[in-house]
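Colleague: Here are the chains, one letter per residue:
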Amino acid sequence: MQIPHTTTARPETGLVNAKLGIWLFLASEVMLFGALFSSYILLRVGAPVWPHGAEHLNVPLATLNTIVLITSSVTMVMSWASLMMKNFDRYKLFMGLTILLGLVFLFVKGFEYGGKFSHGLFPRESTFFAIYFTLTGLHGLHVLGGIIVNSYFWGSGSKMWKTEPERFTNRVEVAGLYWHFVDLIWIFLFPTIYLL
Amino acid sequence: MEHVVTSEHAAHGIAHTEELSFWRKYVFALDHKVIGIQYLFTSLIFLLFGFTLMMIMRWQLAYPLEQVPIIGKLLGEANAPEGIMVPEFYNQLGAMHGTIMVFLGIVPLAVGAFGNFVLPLQIGAPDMAFPKLNMMSYWSYFLGGVTMLSSFFVPGGAANSGWTSYPPLSDIATFGQTMWLFGMVFLITSSLLGSINFIVTTIQLRAKGLTFMRLPFFVWAQLVTSFLLLLAFPPLEGAAVLQLMDRLAGTSFFLPSGLVVAGQPLSVSGGGSPLLWQHLFWFLAHPEVYVLILPAMGIVAEIIANNTRKPLWGYKSMVYALIFLGFMSFLVWAHHMFMTGMGTVISTFFQATTMIISIPSVVILSALLVSLWGGSIRFTTPMLFALAFLPMFGIGGLTGLPLGLAPTDIHLHDTYYVIGHFHYVVAPGTILALFAGIYYWFPKVTGRRMNDVLGKIHFWGTLVCMNLIFMPMFIQGLAGVSRRLYDGGQQYAHAQGVLHWNVVMSMAAWALFLFQIPFIINFFMSIRKGKRVSENPWQATTLEWAAAPSPPPHGNFLTTPEVYRGPYEYSVPGHEKDFTPQNEPDKV
Numbered sequence: 000m001q002i003p004h005t006t007t008a009r010p011e012t013g014l015v016n017a018k019l020g021i022w023l024f025l026a027s028e029v030m031l032f033g034a035l036f037s038s039y040i041l042l043r044v045g046a047p048v049w050p051h052g053a054e055h056l057n058v059p060l061a062t063l064n065t066i067v068l069i070t071s072s073v074t075m076v077m078s079w080a081s082l083m084m085k086n087f088d089r090y091k092l093f094m095g096l097t098i099l100l101g102l103v104f105l106f107v108k109g110f111e112y113g114g115k116f117s118h119g120l121f122p123r124e125s126t127f128f129a130i131y132f133t134l135t136g137l138h139g140l141h142v143l144g145g146i147i148v149n150s151y152f153w154g155s156g157s158k159m160w161k162t163e164p165e166r167f168t169n170r171v172e173v174a175g176l177y178w179h180f181v182d183l184i185w186i187f188l189f190p191t192i193y194l195l
Numbered sequence: 000m001e002h003v004v005t006s007e008h009a010a011h012g013i014a015h016t017e018e019l020s021f022w023r024k025y026v027f028a029l030d031h032k033v034i035g036i037q038y039l040f041t042s043l044i045f046l047l048f049g050f051t052l053m054m055i056m057r058w059q060l061a062y063p064l065e066q067v068p069i070i071g072k073l074l075g076e077a078n079a080p081e082g083i084m085v086p087e088f089y090n091q092l093g094a095m096h097g098t099i100m101v102f103l104g105i106v107p108l109a110v111g112a113f114g115n116f117v118l119p120l121q122i123g124a125p126d127m128a129f130p131k132l133n134m135m136s137y138w139s140y141f142l143g144g145v146t147m148l149s150s151f152f153v154p155g156g157a158a159n160s161g162w163t164s165y166p167p168l169s170d171i172a173t174f175g176q177t178m179w180l181f182g183m184v185f186l187i188t189s190s191l192l193g194s195i196n197f198i199v200t201t202i203q204l205r206a207k208g209l210t211f212m213r214l215p216f217f218v219w220a221q222l223v224t225s226f227l228l229l230l231a232f233p234p235l236e237g238a239a240v241l242q243l244m245d246r247l248a249g250t251s252f253f254l255p256s257g258l259v260v261a262g263q264p265l266s267v268s269g270g271g272s273p274l275l276w277q278h279l280f281w282f283l284a285h286p287e288v289y290v291l292i293l294p295a296m297g298i299v300a301e302i303i304a305n306n307t308r309k310p311l312w313g314y315k316s317m318v319y320a321l322i323f324l325g326f327m328s329f330l331v332w333a334h335h336m337f338m339t340g341m342g343t344v345i346s347t348f349f350q351a352t353t354m355i356i357s358i359p360s361v362v363i364l365s366a367l368l369v370s371l372w373g374g375s376i377r378f379t380t381p382m383l384f385a386l387a388f389l390p391m392f393g394i395g396g397l398t399g400l401p402l403g404l405a406p407t408d409i410h411l412h413d414t415y416y417v418i419g420h421f422h423y424v425v426a427p428g429t430i431l432a433l434f435a436g437i438y439y440w441f442p443k444v445t446g447r448r449m450n451d452v453l454g455k456i457h458f459w460g461t462l463v464c465m466n467l468i469f470m471p472m473f474i475q476g477l478a479g480v481s482r483r484l485y486d487g488g489q490q491y492a493h494a495q496g497v498l499h500w501n502v503v504m505s506m507a508a509w510a511l512f513l514f515q516i517p518f519i520i521n522f523f524m525s526i527r528k529g530k531r532v533s534e535n536p537w538q539a540t541t542l543e544w545a546a547a548p549s550p551p552p553h554g555n556f557l558t559t560p561e562v563y564r565g566p567y568e569y570s571v572p573g574h575e576k577d578f579t580p581q582n583e584p585d586k587v
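Line by line, the protein sequences give chains V and C. Just so you know, we're using numbering that gives the first Met the number 0 here: the first sequence kicks off at 0 and counts up by one. Just so you know, we're using numbering that gives the first Met the number 0 here: the second sequence kicks off at 0 and counts up by one.
Next comes chain V alone, as it looks inside the complex (with noise of 0.2 angstroms):
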């Protein structure tokens, strides 16, 4: 039995399943970060007072982040680009830096946070700290999920592309979609926590 539309798109939608399905995902994921920063929002409104984020964190050390990660994607882009040029070896290549950078992000996002923490700072001291652990924590293991699936497809899941070369570029666009989903929440985080 044959699911329909797993490579080839459907006329009407000129979409494959997998692509439609990551845009309601990720539909999904921006009610959850939606509510996330609406609370964020709330809470800041109805404080008496709130800290400069630049007062508190590391500017520089997210700027590098933000770098790192914007990247990333570019990288992921080349990873899709090298696999519709149908050169494998390339896709390998940007794909495993992609997951690289990806490393690299989150080790700075730990030593952030192990900076706080050895200040004593952690997610109770107040309802900013709350804020920043929650969010960047949520979001970096986002990125870690990202991390995992783009290590499948750098790794056992390649096998495909010797089979389904067509099926295969698709999941690396579907993963792909998310990786850039992924970098944009970053890049309203960014501003959000670390310069307002």
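Don't read these hints as lab results, they were simulated from the structure. Among the clues, some could well be false.
Derived lysine-lysine pairs resembling DSBU-like cross-links, with alpha carbons at most 30 angstroms apart [said to hold, decoys possible]:
1. Lys315(C) <-> Lys131(C)
2. Lys108(V) <-> Lys91(V)
3. Lys24(C) <-> Lys158(V)
4. Lys530(C) <-> Lys161(V)
5. Lys91(V) <-> Lys131(C)
6. Lys207(C) <-> Lys18(V)
7. Lys18(V) <-> Lys131(C)
8. Lys586(C) <-> Lys528(C)
9. Lys528(C) <-> Lys18(V)
10. Lys24(C) <-> Lys315(C)
11. Lys158(V) <-> Lys207(C)
12. Lys85(V) <-> Lys18(V)
13. Lys115(V) <-> Lys18(V)
14. Lys85(V) <-> Lys131(C)
15. Lys528(C) <-> Lys455(C)
16. Lys576(C) <-> Lys24(C)
So the derived list for chain C, only partly shown, Cβ under 7 angstroms to chain V, looks like this [what the hints assert, rightly or not]:
17. Gln203
18. Leu204
19. Gly554
If you want the footprint, here are the derived chain V segments under chain C, 3+ residues with CB under 8 angstroms [stated by the list, open to error]:
20. 118-129
21. 143-157
Note that CB positions come from ideal geometry on N, CA and C, so glycine has one too.
Starting from the structure of chain V, add chain C where the hints point.
Modeller: Just chain C now, kept in the frame of chain V:
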């Protein structure tokens, strides 16, 4: 006639599935029909369990501080010393009854079971778009259920802050609340995976010729429901994360400054907002109400069209009403919060949107009612349940209007009136429709029919008992009896005149249980011994009956169906039969 399939073909189709091992076929199954049946059994067990919790509570309400008979000694020394339940245990039962009925009983039955089994068949698809996600969705639901059930056995027992888990109470509650939050995260993941699957399947896998305006109303209902699940559940997931942080990491998202617990100031940073939880919770939970009711409307629409032998009246208006209703359900949540002091301007806004959302519900219900007009009605068991749904949901809906208007809500808020209102929507409303669906699609799942006599006993008993349970709640509520009293209101002077109803309601609840026994017997007997039927015993027009064998084999259809017409072409003038299936080509 191509669509008639011989039983040899059907047998061949079943034989085809036997290549799979037991585990692959029945446990970690990928076939949407098996997953649907897994959902059916699990959710029915949870419904019975949730109902049992309520039957125990009803003892305490009718006969406060008396020993619970029969099972009193089994409840545990901590929960019910000498068989008399303590208030903490009563609270656990209340919170878990709500949680189990909504998240583990009705939604998985309405969406997981019926949606999974029927939707791909009705749109002519071989399976769901993502069979593995479908399996993960079921097992995530199962884990959520296990987490919820096991929370009864941790120190302090299960969650006891109500099914709404309002902070600050829930933030400082016993460990059961943490289990509740983890359970919810599993359930949210399950419905997220499920809803993506349903939407993609409906959009991508429709058979050739099955345009959107030819979709059976049931499919439309499932589609809109899936969008609600997809977009409304994530905010609750966000809220659950924040509450977990409050409970595990000591943050104060929902804890205001200066909170005093048991005479001691709480040592937290403070600065949080209990109201924030209510906004996030009801942003989910109001669309959730429509998640509970829309699939029921879909089931009832199918059965009414089939048993009146005529097309649904106003099919297109019903579809547009459904879409509008889905959209509006995101804009009414704060009508649950009129009493929180959020301000009259906001109350006015939500009062207006609440009145607006009642319009599409009335459109759908009226269309279903008018559909009966002039039909040659077949009073089959599923039809009886579907017919009863109309006035029951009507009562539930109309009694909601005084709750949606802020001035009247001030009197009625948190009284038994509220309980009566939403139970009329969900119990005699949705649950009757779900029973209708079970009787209606049973022949498709098993190839056999359920017994009609037992079905009618089940129907009349259930209908009468449910009304005896929920109608007196309006009386108690109008008298001002609070919904959250451990003794049912004995200590309050204003409740004395209506207290005697507690005994009536409790008796009716236990009688309701007795009337479910014919159903349980009927269900299991009919699987083995029910009357064998052809693939289309109801002479229906939609694809699951007209194009697939009963039970459908792996892959559903022996030939890929093609659709030539709308879903409800019954009694078309000039045709020799009174039904024209969707896959029957026009005569040239």
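Colleague: Now, for every hint given, state plainly whether the structure supports it.
Modeller: Hint check:
1. With a C-alpha separation of about 34 angstroms, the suggested pair Lys315(C) and Lys131(C) falls outside the 30 angstroms cut-off, and the hint is violated.
2. Distance check on the hinted pair: Lys108(V) and Lys91(V) sit about 26 angstroms apart at the alpha-carbon level, within 30 angstroms; holds.
3. For the hint pairing Lys24(C) with Lys158(V), the CA-to-CA distance comes to about 27 angstroms; that is within 30 angstroms, so the pair holds.
4. Taken as a hint, the Lys530(C) and Lys161(V) pair is broken in the structure, with Cα atoms around 52 angstroms apart against an allowance of 30 angstroms.
5. For a cut-off of 30 angstroms, the pair hint linking Lys91(V) to Lys131(C) stands: about 27 angstroms separates their Cα positions.
6. Annotation: proposed proximity of Lys207(C) to Lys18(V) holds, straight-line Cα distance about 21 angstroms (limit 30 angstroms).
7. Distance restraint check for Lys18(V) and Lys131(C): the Cα-Cα separation of roughly 16 angstroms lies within the 30 angstroms cut-off, and the hinted pair is therefore satisfied.
8. Between Lys586(C) and Lys528(C) the alpha-carbon distance is near 40 angstroms, which puts this suggested pair outside the 30 angstroms criterion.
9. A threshold of 30 angstroms between alpha carbons decides the hint, and for Lys528(C) with Lys18(V) the separation of about 46 angstroms lies outside it, so the pair is violated.
10. At most 30 angstroms may separate the alpha-carbon atoms for a hinted pair to count; Lys24(C) and Lys315(C) exceed this at roughly 39 angstroms.
11. A C-alpha spacing of about 34 angstroms is found between Lys158(V) and Lys207(C), which places the hinted pair above 30 angstroms, so the restraint is violated.
12. Between the alpha carbons of Lys85(V) and Lys18(V) the distance comes to roughly 20 angstroms, so the proposed pair stays at or under 30 angstroms and holds.
13. The suggested pairing of Lys115(V) with Lys18(V) is violated, with an alpha-carbon distance near 39 angstroms, which exceeds 30 angstroms.
14. A threshold of 30 angstroms between alpha carbons decides the hint, and for Lys85(V) with Lys131(C) the separation of about 28 angstroms falls inside it, so the pair holds.
15. Of the pairs offered as hints, the one joining Lys528(C) and Lys455(C) holds, with about 18 angstroms between alpha carbons and a cut-off of 30 angstroms not exceeded.
16. Between Lys576(C) and Lys24(C), the direct Cα distance comes to roughly 39 angstroms. Violation of the 30 angstroms bound is thereby established for this hinted pair.
17. For Gln203(C), the interface hint holds, the least distance from its beta-carbon to any beta-carbon of chain V being 5 angstroms, beneath 7 angstroms.
18. Taking 7 angstroms as the C-beta cut-off, the interface hint given for Leu204(C) holds, the closest approach to chain V being about 6 angstroms.
19. Annotation: Gly554(C) was flagged as interfacial toward chain V, and the flag holds, the nearest CB pair being 4 angstroms apart, inside 7 angstroms.
20. Look at the region 118-129 of chain V against chain C: 7 of its residues bring a Cβ nearer than 8 angstroms to a Cβ of that chain, three or more, so the hint holds.
21. Here the region 143-157 of chain V counts 0 residues with a CB under 8 angstroms from a CB of chain C, which misses the bar of 3, and the coverage is violated.
Going through the hint list in order, the structure does not satisfy hints 1, 4, 8, 9, 10, 11, 13, 16, 21.
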